[in-house]
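S.K.: Residue-level listing of the chains:
Protein chains: 2
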Amino acid sequence: MLPANDPSLSSWINVDSDSDFPIQNIPFGVFQTEKKSARVATIIGDTVIDLAALAQLGYFNEIDSNLESSFSQSYINQFMGLGKKITNAVRNRISNIFEKNNPELRDNKEQQAQVLSKIHEVEMLLPVQVGDYTDFYSSREHATNVGTMFRDPENALLPNWLHLPVGYHGRASSIVVSGTNIHRPKGQQKPNDGPPVFGPSRLLDFELEMAFVVGQPTKLGQSISTAEAEDYIFGITLFNDWSARDIQKWEYIPLGPFLAKSFASTMSPWIVTLEALEPFRTEGYDQDPEVLPYLKYSGKKNYDIKLEVAIQPEDGQPHVVCKSNFKHMYWTMAQQLTHHTVNGCNVNVGDMCASGTISGPTPDSYGSMLEISWRGTKPVAMPDGSERKFINDKDTVIMRGWGIANGVRIGFGEASGKVLPAL
Amino acid sequence: MLPANDPSLSSWINVDSDSDFPIQNIPFGVFQTEKKSARVATIIGDTVIDLAALAQLGYFNEIDSNLESSFSQSYINQFMGLGKKITNAVRNRISNIFEKNNPELRDNKEQQAQVLSKIHEVEMLLPVQVGDYTDFYSSREHATNVGTMFRDPENALLPNWLHLPVGYHGRASSIVVSGTNIHRPKGQQKPNDGPPVFGPSRLLDFELEMAFVVGQPTKLGQSISTAEAEDYIFGITLFNDWSARDIQKWEYIPLGPFLAKSFASTMSPWIVTLEALEPFRTEGYDQDPEVLPYLKYSGKKNYDIKLEVAIQPEDGQPHVVCKSNFKHMYWTMAQQLTHHTVNGCNVNVGDMCASGTISGPTPDSYGSMLEISWRGTKPVAMPDGSERKFINDKDTVIMRGWGIANGVRIGFGEASGKVLPAL
Numbered sequence: 001m002l003p004a005n006d007p008s009l010s011s012w013i014n015v016d017s018d019s020d021f022p023i024q025n026i027p028f029g030v031f032q033t034e035k036k037s038a039r040v041a042t043i044i045g046d047t048v049i050d051l052a053a054l055a056q057l058g059y060f061n062e063i064d065s066n067l068e069s070s071f072s073q074s075y076i077n078q079f080m081g082l083g084k085k086i087t088n089a090v091r092n093r094i095s096n097i098f099e100k101n102n103p104e105l106r107d108n109k110e111q112q113a114q115v116l117s118k119i120h121e122v123e124m125l126l127p128v129q130v131g132d133y134t135d136f137y138s139s140r141e142h143a144t145n146v147g148t149m150f151r152d153p154e155n156a157l158l159p160n161w162l163h164l165p166v167g168y169h170g171r172a173s174s175i176v177v178s179g180t181n182i183h184r185p186k187g188q189q190k191p192n193d194g195p196p197v198f199g200p201s202r203l204l205d206f207e208l209e210m211a212f213v214v215g216q217p218t219k220l221g222q223s224i225s226t227a228e229a230e231d232y233i234f235g236i237t238l239f240n241d242w243s244a245r246d247i248q249k250w251e252y253i254p255l256g257p258f259l260a261k262s263f264a265s266t267m268s269p270w271i272v273t274l275e276a277l278e279p280f281r282t283e284g285y286d287q288d289p290e291v292l293p294y295l296k297y298s299g300k301k302n303y304d305i306k307l308e309v310a311i312q313p314e315d316g317q318p319h320v321v322c323k324s325n326f327k328h329m330y331w332t333m334a335q336q337l338t339h340h341t342v343n344g345c346n347v348n349v350g351d352m353c354a355s356g357t358i359s360g361p362t363p364d365s366y367g368s369m370l371e372i373s374w375r376g377t378k379p380v381a382m383p384d385g386s387e388r389k390f391i392n393d394k395d396t397v398i399m400r401g402w403g404i405a406n407g408v409r410i411g412f413g414e415a416s417g418k419v420l421p422a423l
Numbered sequence: 001m002l003p004a005n006d007p008s009l010s011s012w013i014n015v016d017s018d019s020d021f022p023i024q025n026i027p028f029g030v031f032q033t034e035k036k037s038a039r040v041a042t043i044i045g046d047t048v049i050d051l052a053a054l055a056q057l058g059y060f061n062e063i064d065s066n067l068e069s070s071f072s073q074s075y076i077n078q079f080m081g082l083g084k085k086i087t088n089a090v091r092n093r094i095s096n097i098f099e100k101n102n103p104e105l106r107d108n109k110e111q112q113a114q115v116l117s118k119i120h121e122v123e124m125l126l127p128v129q130v131g132d133y134t135d136f137y138s139s140r141e142h143a144t145n146v147g148t149m150f151r152d153p154e155n156a157l158l159p160n161w162l163h164l165p166v167g168y169h170g171r172a173s174s175i176v177v178s179g180t181n182i183h184r185p186k187g188q189q190k191p192n193d194g195p196p197v198f199g200p201s202r203l204l205d206f207e208l209e210m211a212f213v214v215g216q217p218t219k220l221g222q223s224i225s226t227a228e229a230e231d232y233i234f235g236i237t238l239f240n241d242w243s244a245r246d247i248q249k250w251e252y253i254p255l256g257p258f259l260a261k262s263f264a265s266t267m268s269p270w271i272v273t274l275e276a277l278e279p280f281r282t283e284g285y286d287q288d289p290e291v292l293p294y295l296k297y298s299g300k301k302n303y304d305i306k307l308e309v310a311i312q313p314e315d316g317q318p319h320v321v322c323k324s325n326f327k328h329m330y331w332t333m334a335q336q337l338t339h340h341t342v343n344g345c346n347v348n349v350g351d352m353c354a355s356g357t358i359s360g361p362t363p364d365s366y367g368s369m370l371e372i373s374w375r376g377t378k379p380v381a382m383p384d385g386s387e388r389k390f391i392n393d394k395d396t397v398i399m400r401g402w403g404i405a406n407g408v409r410i411g412f413g414e415a416s417g418k419v420l421p422a423l
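Residue numbers (this note's numbering), protein chains in the order written: chain A, 1 to 423; chain B, 1 to 423.
Since the hints were made in silico from the structure, they are not lab data.
Computed from a predicted structure; not experimentally measured.
Hints may contain errors.
Since copy identity is lost for identical chains, a pair holds within one copy or between any two.
As the list claims (entries may be wrong) - Computed list of lysine-lysine pairs in DSS-like fashion (alpha-carbon distance at most 30 Å, straight line):
1) Lys249 to Lys190
2) Lys85 to Lys190
3) Lys219 to Lys418
4) Lys118 to Lys301
5) Lys36 to Lys418
6) Lys100 to Lys300
7) Lys109 to Lys296
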């Protein structure tokens, strides 16, 4: 375990007991204020830490005197691209600066004024410039549910599903940061008894996912083994892969989802490093049939991270409709990245790979309204007396994720988005 | 017709009669030399014109004194992003500078030495930083051929095909410029009589496509009408969407092609502007059934551009295996871009949208080996006595495209790539 993960550490910055961001987390994001242009930050408790300012004050000089440039960017890409040797050293140094017994910044109010802001005083921005975005389909329960509903309960999984991590290319341009409003998409839908029609989607859904961010590039032709794969993963974020089920159903054969997904995807503002998630490693699924040699892996490469989704009507309280866990992944991130590059496809810093909907084995752990309401046949009762089969206009969908180990809670903040009526 | 398209124009630079690049073309690309870093260029005949140098010498001062910055880039994105008012003014000014009666540069050998290079003296680079890459499937003949081979000749087109331009997201990172060698990809394939196996693809194919490049961005939520769509298209390039048919067949259900395509796509180094292609506008297909109102368009939005594909064995001559035409597009580029954004999906400068394989009505116009050899049942006889069902190691696949109108040939150069053995 890295020093920065030590559960006995505490910070001179106040951290509430239910905070996602104790000193053991140290995720990376980007913020701006009226006075400060976009720059890279971390967060402890509800205090946002301006890393460009810390670098300018010389706090990282022993690691790399050019870090100020990497932190004075609109995205964390340049920082990630420095490699884990540097980024882990930065994480450890941040841990050290904010540890309760270190007086360097603790006792310097003037420097604190340059470095620290409260989260409500800043605007969090999209943290990653996403090059290519790939969406996998790696929860067996989700794939089984979808196959049962739309195809054949006896043969719910398609023949390839247990042999490779099925995935497809998604739209990078429309990935937005938590808090961005989404307009209900319009598109073609096909009624059962007539020609296709055009209009606002009537079956707007969320998909509960997590996504990893690539931190090291490969060259065209290069492949990454499962043993190497996590070295190429900088960290993980919460991800809502918004989906219009009616548009999807009509368009997706034979080339896959397109406009049903490309109108928006919402990510949380903080990228939690793989290193911070070390305490949450857990065993993966037994894979039967045996996978081909290039997909075999050893060690614990799943992560025990609790996930939940709430729907909040405009004038109501958030109502939790799903409690799942990132450990419900049949295919690990390492297998996904290995498969992705086995044909020589190159990856770049900032590429994102989402998990696909993460459904658990029980109905209360299903990761989409399609599954929760079982195609609309089992509506969800909301506290205000209304019901939901899918997502209504003016609903806000809020995703959260966290793990707890050794008494330390490492969380992801939230990925939330409000649905506005179609334009 | 723009002044720059006037067929009576000729240049003081020599242009062979079979050149793709008369003074009426003026495409945009990026080159570097040992002495010059990457910069934006155009070409007349076989003379590459350094636009950064021309700007530095003040040749574009009446348009915009900051053009030197836009031309001193590794990609043409910044230049495209200036908008058609500027980019068309630049094209017209280039036409003027190189017109045979203009002495400005013609009579200044010292400046010519700074501006002009022969094509064999420079290295052409990938001209566009591609954000998102989308591949359509818009040739009716291609979709019919594929449906006939793999599904049902009586119902070759899937139900949605005539109602919307089917498309999917592709991989942007692996788009390479003409001349880049490609390694045969490895991946999972499924024999008919056993479990999946892993190894080099045995059915490596080309797909003859053209791709348009987005020159103006939209905001998330914004849609583009068919009447507006061409204003957002900067220009067009040749595109080889390399495909591994055996990998594709096993992986593509239900989410579409993934590793079968993502190992490489090859584009030509020059982007020919839509303005240069004005003389080649031609009527599109009658669309029956009638399309939904948002997909209707008026005017000539197809383009009569001859296309051909040659296969060149390592020690042999190029042998043409396909003669097709860009006019064989059931769905126009305007319809593609309108459909792409009708759900509010935003586009960025540098996004690319490829046509899908462009097959004509006759077997000699089919745009892939899959169709030409009809799944390998009709091998192509090569001049050296060998035959091809698909692409062999050490074959070079060469695509060319050009139109001729009013005696002027406007061409695209070539998109070529050599296949090296699997790594």
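S.K.: Each hint needs a verdict: does it hold in this structure or not?
M.R.: Results of checking the hints against the structure:
Proximity of Lys249 to Lys190 under the C-alpha cut-off of 30 Å is found in both arrangements, the shortest distances being 8 Å within a copy and 27 Å between copies. For the identical chains of this complex, Lys85 and Lys190 are neighbours neither inside a copy (53 Å) nor across copies (41 Å), given an alpha-carbon limit of 30 Å. In this assembly of identical chains, Lys219 and Lys418 lie within 30 Å of each other by CA distance solely across copies; the values are 17 Å between and 39 Å within a copy. Taking identical chains as interchangeable, the C-alpha atoms of Lys118 and Lys301 are never at most 30 Å apart, the minima being 35 Å within one chain and 54 Å between chains.
For a Cα distance limit of 30 Å, the shortest separation of Lys36 from Lys418 inside one copy, 27 Å, qualifies, whereas the shortest one across copies, 50 Å, does not. Proximity of Lys100 to Lys300 under the C-alpha cut-off of 30 Å is found in neither arrangement, the shortest distances being 32 Å within a copy and 71 Å between copies. Taking the shortest Cα distances, Lys109 and Lys296 never come within 30 Å of each other, neither inside one copy (53 Å) nor across copies (64 Å).
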